[in-house]
Structure formats: structure tokens, C-alpha cells
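J.: Starting from the given sequences, assemble the full structure and let the hints guide the process.
From first to last, the protein sequence lines stand for chains A and B.
Count the first sequence with my numbering and you get residues 1 to 293, in order.
Count the second sequence with my numbering and you get residues 1001 to 1405, in order.
Simulated from the structure, these hints should not be mistaken for laboratory data.
Any given hint might turn out to be false.
[What the hints assert, rightly or not] Beta-carbon label-pair distances, calculated as ranges:
| no. | chain 1 | residue 1 | chain 2 | residue 2 | range |
| --- | --- | --- | --- | --- | --- |
| 1 | A | 264 | B | 1311 | 33 to 39 Å |
| 2 | A | 103 | B | 1105 | 21 to 27 Å |
| 3 | B | 1378 | A | 61 | 45 to 51 Å |
Glycine is no exception: its CB is placed at the ideal position from the N, C-alpha and C atoms.
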Amino acid sequence: MDLLLSLAKNGVIIGLLYGLFAYGMSLIIATSGVLHFAHGLTLVGSAYSFWFFFQEKELGVFVGVLAALAVGGLIGVLVELVIYRPLRRIHATDMVFLVASLSVLTLGQAAIVFIFGTDPKSVRPNEFLRWSADVGPFNIRTWDLLILGASALAFAALYLLQRRTAVGLSFRAVGDNPQRAETLGIKLQHTYVWVFLAGSLVAVLPAMLLAVQNPVTPSMGFDLLVKAVIALVIGGIGSMPGALLGGILIGLVESLATYKLPTEWAEFTLYALLFIFVIVRPNGLTKGALRTA
Amino acid sequence: MNLAKMPRRLAALALVAGLGLTACGGGGDSGGSGSGNGAGTETYPLGVAMALSGANAALGQDFVKFMEFAVEDANKAHASDGFEIKMVSEDTQATAEVGLNALNKLATVEKVPAVFTAWSAVVKAMAPASEDLGVALFNVGANSPELEGAGANLRNFFPLSSVNVRALGTYMAKEKGAKKAAIIRVNNASGEGAADVYKKAFEAAGGKVVATETIEQDAVDASSQVSKVLAQHPDTIHVQPLLGEAVAIFKALDDQGYTGQVTTYSGAGEAVAVRQASGASMNGVTYAALSGAKADDPKVTALVDRFKAAQGREPAGLSYDVYMYDSVFMYADIIKQLRDKKQDVTGKNILALVDDVKTFKNLPLEGSTTFTDSGTVIKDTIIKRIDDSSANPAADPEVVTLSAK
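T.: Have a look at this one:
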């Protein structure tokens, strides 16, 4: 029983990490309709920035966090301004957006290899990050608490943003129907810039959380990107609560499947679940509403 | 394609398939006599197929750098013999399919008589193809025991884990008195082969392996694997990772308060990136290092200094790099001996000479190496302990040296 509970806790924590990454991506997809795979570059870029300023230059955690937020936000906004906006002007198809997004991800990773090389970088864990304690059947680590805190912060912030602010309401309006939103006076181009900024800033959280626990490499986050996409499909593409639910669900399935099955079957069970959703419930848990870019 | 108009299930499949795409990255005897350069010096190509991009590029690029140093030094050493080596490298991304492309290009376009490579999955895939292409294939950095006898054209210059992991498994059961062991291994051919060797050795020495769990390469969390093996209360846990996932395993073992002996192999124990990222969670880990060239040998430290001067950092996997360096000198020795015998430097002749000579002396770092009848090499195993993961692996204290005999 202890093992089952322990696996469940691991599943929820890693699922929240998937969900956190998927959450920012979902916000962008829901508002702009772009399948923003370059979100993976936002994650890698901000992780390297955090490592560079916090660990390499030893400028302190505050500067490291600020640099990661700045770089992460900048990548998202630049991709919107330089890549997606011109594509929107020529009424490019969704396939063109998809290919452009994947190209940005690949080129960006190559640029990081050019700048930093391929050897893994690491944020050396201090005593705070190494802390852990047994609470009942659970072993709780600093990392677990950071993921819980970051998730709660991101979900609450985006919830409030979308319901209490003009910018957030414009996200929802544009996501529902961009033409109608435009007739109501909402500036589409401004909204897209804001949504790429907000979604990218959310991705900075899992980037820093990964950086303090794992080596920072140019290919880091690709696994997370795949899991995030699966979370979006299961939760409902373009649905905000769906991203969270999908992330937690795949984290739990991946972890709990190993209770009786060998661990190498975890990924199989995940793809089996994805397959079932694609066949039986292609709209996902929350019936996400994907629109064209 | 308009995803909004596409059926939902098709859109979902296209989404995942599209993402998956980004993750992908003739018979006869190859080679012949070298080409002249107009100054009376014959040039012989050396094919090198390593991971130059992807998750394993940090190791692969270092391997190539050390081989470049070796080519430079071997050419100086053999200048009076009238030949020089020219290295031609191709990327394998450490995957079987890209590795096969690299082998094909080296053999058919570059016309190399021998290809030096690493990573178990790559070597395993190349072994049968090298027979068709007529090239000699040398494994200079993969350790899966499955590579012993994996192909008629394959020779394993790098010691397989059947040597040092077997010694470690026997040592833990016999000398340290461990009764129950668990294994956490990377989910690939190398991990599977090494885990099997450890299990057989540990159980042959009177112990019992009570759990074996796998982890995907570069996984970010190993909590579930560690929870599962700890539920079996093992006296010792053997960790057989590649690179990135090693950190997740050591951290999870530390987080979950495991106090038994954790063991691993040199690829993880001596990897600077793994040690730095794992921090104190790696302190106390015991690992099986390969004997031969030692990290504190002046010749090795001079080479490391040369690498640091060129690259501005420590090498990622020194225990491998020394084999990369020495392997080029073995190739130079083979060329010299074939030329002395007035034979062409072809894949077939290289293999025949290796099988005939077996022992290659005057390797700058290791001294000498001897191939067995099954085309592998046997080395002593040094058991070392990490007292301070932030220190250079050369500073790790030796616990014991286990003879291969």
C-alpha cells in the first residue's frame, strides 16, 4: 500500500510538471490557434538563461529567475512577431504554422549548441534543494513543494488573468471568435503578442524547476514537449483545465502502471491511453475547441 | 491542412506524429592502399562514427577531439614510416539507423577500410552491415556484453561490461556480503546487457537480485523506479544509466533516504556532468573503473590539459577518452605492420592482422592491449569510491583492484 501511495504521489508531481508546461502551451493554442511547438525552445532558452546567470555568473537566484523570465518571454514574443504574424498576413495554412514552429524549435536548439556547446550544464543543488522528509507514507522533497507551489501560482494567476483583466478577457474573446472580437474593438495583433508573452512566462517555471533537478542540455524538454502534447490531446486541445487534467492523468498513469507492470511498460500504457482517447474521445476530457490560426 | 476542419482524431494523431518526426533525427572488401600526397607519404583514411548531435553529443564530440589529438600525434610518430592517417568522421546520433547511414557513407563514399565507433545500439546495428561492406569495425567505446561475437568484422577494443560489471557484482556479493541486490538500468541494449551480467555474477556469488527496474534515457524523474526497488529492501543497488537519467536516479535514491551501498560503472561514476548535477547525492557511490591508463597518470593529465586548452572545459568521459586516443595508435600500428608485409590496408587484411597479432604494444596511455579469440579485450577492474562528487574523478580513492585473471 505504501508503494502504491508513493507511486501516486510521484505521478501527481510529475503530472503537474507536464501540466504546467502544457498549460502555457494551451493558453497560446486556445487564443491564437497556433500549435506552438516552439514552446519547447522557450523552455530550453529560459533554462539556459537561469543556469548562466545563477550558476555560471553567480549573480544570485533573483537575477537568474529574472533572466529566465526575460529570455523566455522574449522568445515567445519574437516567434509571434517574426514568424507567426507574417504567416497570418499571407493566410498561411495550419500546416505551414506547424512546420514553421517545428523549424524554430530545431534552429533554436542548434543555436544553443553553437553558443553553449553540447555538454550538459548543471545547477549544483544546495542544502535547500536537497531537503526531503518522510510525511506518513510519502517522501516529500523540496522539488515536490516547488512544483506544487509553482503550479498553484501559475494556475491561479492565469485564472485571475483570464477572468479579471481586460487582457485576459481579450484572450478568451479572440479564442472564441477572432473576427467578432475584432469588431468589438479588440486589437488582434496586440492580443497575440500578450498571449505569447503570458504563455511563455508560464513555461519558464518548469524550465527552472527542471534546471535545478537535472542537467541542462540543448535537447532537454523534448520529452516534456511530447508529454505536454499528449496531455493536451487527452485533456482537450486548447482547453486550459484540460491541460492540467491531462498532465496529472498521464503522470498518474505513467507512475501507477509500474505498480504491477515493469517500469519499461510505463510509456506503453501512456500511448495506449492516448490511442484510446484518440479513438473514443478525440475531443479530450474537456472538449477543447481548436480553431484555425 | 486546416486542423480545425480535420476530424478530431486525425488532428490528434497528426499532432503527435508531427512531433515524433522531429525526434528522428554493397559487398566486397573496402579500402585499399593509401593515396599518395606527392611528398612520398601515403595517406590512409580512418572512419570515425560517433554521436556528434543529439543527447549524447557531449560525449561523442569529446571522443572525436581525443581521436584528432591521437591522429596528430600518431602522424608525427610515424612520419619516418612514410604514411599518415586522415580521419573522416560521421554523426551517428547514438542511434542504430543514423549509425548505419554513417557506416554506409564511410565505406562507400569515403572508402575507409576501418570504422571506429561507440554506443552499443550503434555497434550492434553496424556489425552485420560491416561484413557486407567489407570494412573492419572497431568498437572503441560501447560496453554491452552482447557485442562479444556480434559480427565477423567486429573487434571490441573497449572492455565490455562483462568484465567490470561482472567483477563488481561478484565483489558486492562475495567481499561485501550483500545478500539482496536491486538494479536500475537505462532502457536500451547496453543497460539490459550490463544488468544481466551483474545479475548473473551477483547470483553466482551467492546473492539474489530482488528487483530490476528500467528508466528511459534522459528521463527527468526516477522516483517511481526508486520507490519500487526500495520496497524490496535491497542491501545494495546497482545503477546502470547512460548520462542524463543518472542524475535523476542518484537524486531519487538520496531523496528517499537509501542508506545501502549504491554501485555504478565508470561511464556514470567518472562523468563530470553527472557528478556536478548530482551533487552530494553521489557521495558514497562505489563504481567500477577500468584499469590501464589512470586519470592521475602524467600522460593522461597532459592530454586532459591539452583538451582543456582547446575546449575550455573538462572532458565529459575521461575513462572512454583514453581508449579513443589509444585506438588510433593501434590503427597506425596495424597500417605499419601491413605495409611492412607489403599488404594493402583493406578491411579484410586489417582483421586478419588483428587476429594474427592479437597484442598491440606501445599504446601511449594503456601500454598494451590483447584481443581474445572472441575479439574482445580483458582488463583488471578498479573499484573506486566517490567521497566528493565535486572533485576530479582522479581523486576518488581506490577501494580494491580486481584481477581479470
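J.: Taking 33 to 39 Å as the stated bounds, is the beta-carbon spacing between residue 264 (chain A) and residue 1311 (chain B) within them?
T.: 36 Å, holds
J.: Please check whether residue 103 (chain A) and residue 1105 (chain B) have a Cβ separation lying inside 21 to 27 Å.
T.: With a Cβ separation near 25 Å, residue 103 (chain A) and residue 1105 (chain B) satisfy 21 to 27 Å, so the hint holds.
J.: Against the range 45 to 51 Å, how does the distance between the Cβ atoms of residue 1378 (chain B) and residue 61 (chain A) compare: consistent or not?
T.: 50 Å, holds
Checked against the numbered hints above, the structure violates none of them.
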